[in-house]
Amino acid sequence: MGLSETRSGERNPERSEGAAAGSQVELSGNEPWITTKLDQFVNWGRKNSLWPMPFGTACCAIEFMATAASKYDLARFGMERQAFSPRQADLLICAGRVPFKLAPVLRRIWQQMPQPKWCISMGACASSGGMFDNYAVVQGIDSIIPVDVYVPGCPPRPEGLLYGILMLQKKVANERMGDKTLRNEMEPDPTSQLYLAPAVIDEVSEPFGNSVHQTRSGL
Amino acid sequence: MSNGFTPVVPGSTLGAESAAPATPKQIAHRGGAMNPSADAIRDRFPGAVVRAAVVWGETTVVVDRARAHDIIQWLHDDLAQRYDYLSDVTAVEFRDLEQPLEVVWHLRSLPFRRFLRVKVLIERGSALEVPSVWDVYRSADWLERECYDMFGIRFAGHPDLRRLLMWEQYKEGYPLRKDFPLRGRFSRSEQLRQALAANPEARYSKDELSIADAFEDLPDDMKRRLGTGERTGE
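Protein sequences, first through last, are from chains X and Z.
The first sequence begins at 1 in this note's numbering and counts up by one.
The second sequence begins at 1 in this note's numbering and counts up by one.
Keep in mind that a hint or two might mislead.
Claimed, not checked - Each computed DSS-like pair below joins lysine-lysine, with the alpha-carbon atoms no more than 25 Å apart:
{"#": "1", "chain 1": "X", "residue 1": "LYS170", "chain 2": "X", "residue 2": "LYS37"}
{"#": "2", "chain 1": "X", "residue 1": "LYS170", "chain 2": "X", "residue 2": "LYS180"}
{"#": "3", "chain 1": "X", "residue 1": "LYS101", "chain 2": "Z", "residue 2": "LYS171"}
{"#": "4", "chain 1": "X", "residue 1": "LYS101", "chain 2": "Z", "residue 2": "LYS25"}
{"#": "5", "chain 1": "X", "residue 1": "LYS71", "chain 2": "X", "residue 2": "LYS170"}
{"#": "6", "chain 1": "X", "residue 1": "LYS71", "chain 2": "X", "residue 2": "LYS180"}
Unchecked claim - Have a look at the derived ranges for each label pair, beta carbon to beta carbon:
{"#": "7", "chain 1": "Z", "residue 1": "ASP96", "chain 2": "X", "residue 2": "GLU203", "range": "35 to 43 Å"}
{"#": "8", "chain 1": "X", "residue 1": "VAL105", "chain 2": "Z", "residue 2": "PHE186", "range": "33 to 41 Å"}
{"#": "9", "chain 1": "Z", "residue 1": "SER187", "chain 2": "X", "residue 2": "GLN88", "range": "31 to 39 Å"}
{"#": "10", "chain 1": "X", "residue 1": "LYS180", "chain 2": "Z", "residue 2": "MET222", "range": "28 to 36 Å"}
{"#": "11", "chain 1": "X", "residue 1": "GLN115", "chain 2": "Z", "residue 2": "ASP221", "range": "51 to 59 Å"}
{"#": "12", "chain 1": "Z", "residue 1": "ARG185", "chain 2": "X", "residue 2": "PRO114", "range": "34 to 42 Å"}
{"#": "13", "chain 1": "Z", "residue 1": "LEU97", "chain 2": "X", "residue 2": "THR181", "range": "50 to 58 Å"}
{"#": "14", "chain 1": "Z", "residue 1": "GLU168", "chain 2": "X", "residue 2": "GLN193", "range": "15 to 23 Å"}
{"#": "15", "chain 1": "X", "residue 1": "GLY56", "chain 2": "Z", "residue 2": "LEU176", "range": "20 to 28 Å"}
{"#": "16", "chain 1": "Z", "residue 1": "GLU98", "chain 2": "X", "residue 2": "VAL105", "range": "37 to 45 Å"}
{"#": "17", "chain 1": "Z", "residue 1": "ALA66", "chain 2": "X", "residue 2": "ALA69", "range": "41 to 49 Å"}
Stated by the list, open to error - Under 7 Å between C-beta atoms, here's a sample of chain Z residues computed to sit facing chain X:
{"#": "18", "residue": "ARG124"}
{"#": "19", "residue": "SER126"}
{"#": "20", "residue": "ARG183"}
Derived from the structure by calculation, the hints contain no laboratory data.
Glycine included, C-beta positions come from ideal geometry on N, C-alpha and C.
In isolation and in its complexed conformation, chain X is listed as follows (with noise of 0.2 Å):
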């Protein structure tokens, strides 16, 4: 399966030094063995107890919901607790399409998650628009707030969802104390109030594929 991890900063040159991914992150090699057994410890805790918070907005979130149900039954792996309010959760899994009218309320629920937080982009039109190439949906909510995984598929079964779960929790058990990026919020550039540079949000947002020949309206 072609998951992605990364941190969506990278798409940004600017950004992608400060913003690398946690499980590449090289550090001097002379850290003391008890923070280095310490870190193990904590997120080996943080790892197997992941409160997700669902975001579901659309059909991506029926998966979701199978994924949580009894057959695949995402409490094996620690989220036994969907955290339905946003300030005791840590991982948001924003399943399905976010329309413009929604993207700032999307931003504010981030802010509200305490640190340490992840997030789970689920689906197509949540990773990049999907078909929804039109006036009203978000290209790819990367643009609003750090995304960890991206899982694919339109809808993506439950299988896809949970192996992107246990690549996050790969990524979480490889993360260092002593790493200053990790905790990136994506702090609004103060001119134009976006999370990433405008030319890297038109670029991203340029149609590709089959929309490329789209009739651009009625007329």
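Could you slot chain Z onto chain X? The hints should help.
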């Protein structure tokens, strides 16, 4: 609004010989039995009906724009019509620029088990304004707001004509119009910037508060802020 709700008693309004409702089969595309309300409108409002047709068994009546409100009011009030349910208000724009826009009301008479589609033509170049039927059907409130939001058609007499689906500060136009580009008029970054500038906790606007008669009771500074278009979460 004139007469209260009367439940349908089998046979009471349809006559004892009327059969139980069944899903019609093998309906012709054009033609067929016309809803008697179409002729009733012709008799009651001479010259107001532009044309009437039966398409897939449903009767469409195109009426004069200026008299649309009176006709719908009469269809609602008249005891022989009793269209007590407005199920949809929408509009149609054709790709052919010569064709007029159409505003469509879907009316249903529960006591008589009738469906009637009333249309008004808006010729190109004339003002996009039709009378509101909010005073006849309260359900027209959000339906007309949605129609205004998507097509830019103003409903004269609507008490609170604001955008419904798009946010109120939306500046790009009316998305279902044919000249509206599918991806919107602004660049993606500009669209996102404008969307993020909205306050997600904003619930009240000056208009809503003035409908609730609460606006005058507010402190002066809040009145001033709301008067400049700001929205507040309190």
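Going through the hints against the structure:
1. X:LYS170 to X:LYS37: holds (16 Å)
2. X:LYS170 to X:LYS180: holds (19 Å)
3. X:LYS101 to Z:LYS171: Cα-Cα ~13 Å, so holds.
4. X:LYS101 to Z:LYS25: Distance ~43 Å between LYS101 of chain X and LYS25 of chain Z Cα, so the pair is violated.
5. X:LYS71 to X:LYS170: holds (23 Å)
6. X:LYS71 to X:LYS180: Violated, at roughly 39 Å.
7. Z:ASP96 to X:GLU203: 35 to 43 Å: holds (37 Å)
8. X:VAL105 to Z:PHE186: 33 to 41 Å: Cβ of VAL105 of chain X to Cβ of PHE186 of chain Z: about 20 Å, so the range 33 to 41 Å is violated.
9. Z:SER187 to X:GLN88: 31 to 39 Å: Roughly 38 Å apart at Cβ, these two residues keep to the hinted range, so it holds.
10. X:LYS180 to Z:MET222: 28 to 36 Å: The hinted range 28 to 36 Å is violated for LYS180 of chain X and MET222 of chain Z, with Cβ atoms some 43 Å apart.
11. X:GLN115 to Z:ASP221: 51 to 59 Å: Since GLN115 of chain X and ASP221 of chain Z have Cβ atoms about 36 Å apart, the given range 51 to 59 Å is violated.
12. Z:ARG185 to X:PRO114: 34 to 42 Å: holds (39 Å)
13. Z:LEU97 to X:THR181: 50 to 58 Å: Given a distance of about 56 Å, which is inside 50 to 58 Å, the answer is holds.
14. Z:GLU168 to X:GLN193: 15 to 23 Å: For GLU168 of chain Z and GLN193 of chain X the Cβ distance comes to about 19 Å; the hint holds.
15. X:GLY56 to Z:LEU176: 20 to 28 Å: holds (27 Å)
16. Z:GLU98 to X:VAL105: 37 to 45 Å: Since the Cβ atoms of GLU98 of chain Z and VAL105 of chain X sit about 43 Å apart, the hinted range of 37 to 45 Å holds.
17. Z:ALA66 to X:ALA69: 41 to 49 Å: violated (58 Å)
18. ARG124: Hint on ARG124 of chain Z: violated, closest Cβ of chain X at ~13 Å, above 7 Å.
19. SER126: Cβ of SER126 of chain Z sits 19 Å from chain X, so the hint is violated.
20. ARG183: At 6 Å from the nearest chain X Cβ, ARG183 of chain Z passes the 7 Å test, so the hint holds.
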